Amino acid sequence: MSDSSQPTILERFPAGGPRGSWPADEYAAGQEAQGTPARVVMDLQSDSFLVITDQPIRS
8 MSDSSQPTIL
18 ERFPAGGPRG
28 SWPADEYAAG
38 QEAQGTPARV
48 VMDLQSDSFL
58 VITDQPIRS
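Just so you know, we're using this note's numbering here: the sequence shown kicks off at 8 and counts up by one.
Hints may be right or wrong, so weigh each one.
[Claimed, not checked] The following label-pair restraints were derived from C-beta to C-beta distances:
no., residue 1, residue 2, range
1, 24, 52, 26 to 36 Å
2, 64, 26, 27 to 37 Å
3, 62, 19, 31 to 41 Å
4, 19, 41, 29 to 39 Å
5, 63, 27, 30 to 40 Å
6, 25, 63, 13 to 23 Å
7, 36, 63, 29 to 39 Å
8, 26, 63, 32 to 42 Å
9, 27, 51, 20 to 30 Å
10, 46, 21, 13 to 23 Å
11, 51, 25, 19 to 29 Å
Hints were generated in silico from the structure; no laboratory data involved.
Predicted model only: the values in this text are computed from it and were never measured.
Built from N, CA and C at the ideal position, the CB exists for glycine as well.
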């Protein structure tokens, strides 16, 4: 089964954060704790970490 929907970007974080700092992972974990499945991906073009979800966002 193929799903053509695009993931939703929840937040962006610059890749050049301090060593040992993982704000994108922390944000994704917070979203998971609130019931929104989230994952972190790297956007090489913008040199950013994106926290995304495949779940539709409720307004």
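Results for each hint:
no.: 1; hint: 24 to 52: 26 to 36 Å; result: violated (18 Å)
no.: 2; hint: 64 to 26: 27 to 37 Å; result: holds (32 Å)
no.: 3; hint: 62 to 19: 31 to 41 Å; result: violated (18 Å)
no.: 4; hint: 19 to 41: 29 to 39 Å; result: violated (19 Å)
no.: 5; hint: 63 to 27: 30 to 40 Å; result: holds (34 Å)
no.: 6; hint: 25 to 63: 13 to 23 Å; result: violated (34 Å)
no.: 7; hint: 36 to 63: 29 to 39 Å; result: violated (21 Å)
no.: 8; hint: 26 to 63: 32 to 42 Å; result: holds (36 Å)
no.: 9; hint: 27 to 51: 20 to 30 Å; result: holds (22 Å)
no.: 10; hint: 46 to 21: 13 to 23 Å; result: holds (18 Å)
no.: 11; hint: 51 to 25: 19 to 29 Å; result: holds (21 Å)
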